[in-house]
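These protein sequence lines map, in sequence, to chains X and L. Its first residue numbered 1, the first sequence is counted upward by one per residue in my numbering. Its first residue numbered 1001, the second sequence is counted upward by one per residue in my numbering.
No wet-lab data here; the hints were simulated from the structure. Each residue gets a CB set at the ideal place from its N, CA and C atoms; glycine is no exception. Mixed in with the good hints, there may be bad ones.
Using C-beta positions, here's what the derived DEER-type ranges look like [unchecked claim]:
no., chain 1, residue 1, chain 2, residue 2, range
1, L, 1060, X, 226, 21 to 31 Å
2, X, 212, L, 1202, 57 to 67 Å
3, L, 1152, X, 226, 22 to 32 Å
4, L, 1120, X, 181, 23 to 33 Å
5, L, 1263, X, 217, 22 to 32 Å
6, X, 19, L, 1301, 53 to 63 Å
7, L, 1264, X, 330, 33 to 43 Å
8, X, 19, L, 1120, 58 to 68 Å
9, L, 1157, X, 63, 16 to 26 Å
10, X, 290, L, 1152, 18 to 28 Å
11, L, 1067, X, 290, 42 to 52 Å
2 protein chains.
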Amino acid sequence: MTSSAPLTNHQIRLAKRPMGMPTRDVWNFTEETVANPGAGGIVVKTLSLSIDPAMRGWMNEGKSYIPPVEIGAVMRAGGIGKVVTSHNDAYKVDDVVIGGLNVQEYSSFDEKSIKRAGIVKVDLRVGSLTQWLNVLGMPGMTGYFGLMDVGQPNLTKQGETVVVTGAAGAVGQTVGQLAKIKGCRVVGIAGGKEKCDWVVNEVGFDACIDYKNGSVKDGLKQHCPEGVDVYFDNVGGEILDTVLTRINKKARIIICGAISQYNNTTAVNGPKNYLSLLVNRARMEGIVVFDYADRYHLAVAEMAGYLKNGKMKSKEDVVVGIDKFPEALLMLFEGKNFGKLVLQVASE
Amino acid sequence: MTSSAPLTNHQIRLAKRPMGMPTRDVWNFTEETVANPGAGGIVVKTLSLSIDPAMRGWMNEGKSYIPPVEIGAVMRAGGIGKVVTSHNDAYKVDDVVIGGLNVQEYSSFDEKSIKRAGIVKVDLRVGSLTQWLNVLGMPGMTGYFGLMDVGQPNLTKQGETVVVTGAAGAVGQTVGQLAKIKGCRVVGIAGGKEKCDWVVNEVGFDACIDYKNGSVKDGLKQHCPEGVDVYFDNVGGEILDTVLTRINKKARIIICGAISQYNNTTAVNGPKNYLSLLVNRARMEGIVVFDYADRYHLAVAEMAGYLKNGKMKSKEDVVVGIDKFPEALLMLFEGKNFGKLVLQVASE
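Isolated chain X, as found in the complex (with noise of 0.2 Å):
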């Protein structure tokens, strides 16, 4: 089953490697015709993009857990999306497929590609098209496993203390709430009052320091009385030197990210204070969310239950049109996404 008439692609590629911020001419923007997927192939129209910090290291060059993108590559993205050919009978035009799609309107996948990206179908009757880019999809996994696996929050010793930082954003909203369903006391440091608001009053955190208004220190003295337990960490620098003074001993740093150190022209700033580590025999471990694709299914099918019986909320902010995405991804870094941020690139 295929469509008929030839497809243009708008795509976005890497025009050279970014110092620093990642400004709008490190991008190309090109068209051309979508390729003919050829047997057992698919052709999937982008629906919506996941925008990550993540993506900003992908563009450097050197070594690390995926290779950079190349110059003059359609820049790397996870999406969400409907296909609208088909070559292969486990997929039929109209199913919604989540994967590597990259910021491009179509993706033409051959037999063997599709398994490389990823693509697997999702049932939006268990989550909406950007529960699946966030809760659901790599963001909440993230968090997921982060928490889970890397933290190990103490289940049987009620109340441990769980911090953690972009508190608003995908990673950290989910992180936030499953600790709270899991019995914890949980602690978010976001940027701003409306988002400090929301993650207490809407999702259910037990606090938010807001880290643009007043001294993390001092919000983690009030607000973490006994110490830090677990602490989930997206930003790196100041704020992860700062919660180094106040953990509990044999507390757990889970390093997921350093989104304040992605666009450093010098060196980035490693934690002076780690050997806190050391009087607390205190452990600080990374996670990349790959390693558990093998028990994505059970995360997601425990989520979504959560998700269901309103004990998680998801929030999304959503940027219309492929073309915003160099404004999108520089949105993260400063900060003004409210919630998973989102590039729409086709509503249907």
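Chain L: place on chain X using the hints.
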């Protein structure tokens, strides 16, 4: 049973908190008569003291894993001595004990403070005086539990690569030899040809990188061609940063100390490559040996076996005379000691 004549006790007390290196002027040399320990108490004559990098931390104000040494107090030190006065049935005159003796010729313990100082009897048939301060003492226990419990070398997958700094030092020599016994590939890092030669030729490490002659990065490339699985860090600073660039997936970094940073007059240098923990899903975790006190006897029994059957060697560097304490301590920070540094206060 008591000795009769009043004993004169020479002591070294902390006169002020050092800024940077602990120069001679931070110490007060005092003399007083040994106090009567009272009913249930004992007096221990110091034979040898353990000189450790951790001492530098105890001299600073501020929260740590134990309270700082107060200004005017006798400097804290672990040591080995013999009982010269006993009002306690559990101890006889001439019993040999280890524990918190501090930098003085005699320690007078009332009944309660015997336990508080961690005084335990030792058997010189199991190990020599200096071995009880080295492989069978705190450094050995730190190496044992740091490697086995925190580092968790994979003993079923033989040949994991363990890197240890201060390789000829007290903790380092234990860690490296134990890792070899457990089937790991072991690469030391030490300062100077003499130490490196000893570590490889006498002790049996697979290689040793001389950080004073050549690049640690090149050394790691050459001697750890398959990367680093376990890094036991005693030094911090640049070497920690360099090792972070060579760790494997799921690597474990044991933070035992940071001797390169203890005398900084400005802030500690945080590991600027800490995001390697994220990329490699690796872990950095602190160790404080006291946490394992209930298992010391098991580790001592195991290590004593290795000493007896020649699988493990121990090297001590003995400085003679309590008045040499200030200079002995500085030797550590200048890397001048070769083997576990011991201060001999009395020969019998």
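Here is how each hint holds up against the structure:
Between residue 1060/L and residue 226/X the CB atoms are about 25 Å apart, so this pair conforms to the stated range of 21 to 31 Å. At roughly 59 Å, the beta carbons of residue 212/X and residue 1202/L sit within the given window of 57 to 67 Å. In this structure the supplied range 22 to 32 Å holds for residue 1152/L paired with residue 226/X, their Cβ-Cβ distance being about 29 Å. As the Cβ distance of residue 1120/L to residue 181/X is approximately 47 Å, the hint placing it in 23 to 33 Å is violated.
One distance hint, 22 to 32 Å for the beta-carbon pair residue 1263/L and residue 217/X, holds here, with the actual separation near 26 Å. Separation of residue 19/X from residue 1301/L is about 58 Å and conforms to the stated range, judged on CB atoms against 53 to 63 Å. In this structure the hint that residue 1264/L and residue 330/X lie 33 to 43 Å apart at CB holds, the actual value being about 37 Å. Under the hint 58 to 68 Å, the C-beta atoms of residue 19/X and residue 1120/L, about 60 Å apart, fit the expected range.
Checked against the given bound of 16 to 26 Å, the beta carbons of residue 1157/L and residue 63/X, roughly 23 Å apart, stay inside it. For residue 290/X and residue 1152/L, the Cβ-Cβ distance of about 23 Å falls inside the hinted range of 18 to 28 Å, so the restraint holds. In this structure the supplied range 42 to 52 Å holds for residue 1067/L paired with residue 290/X, their Cβ-Cβ distance being about 45 Å.
The earlier numbered hint that this structure contradicts is number 4, and it is the only one.
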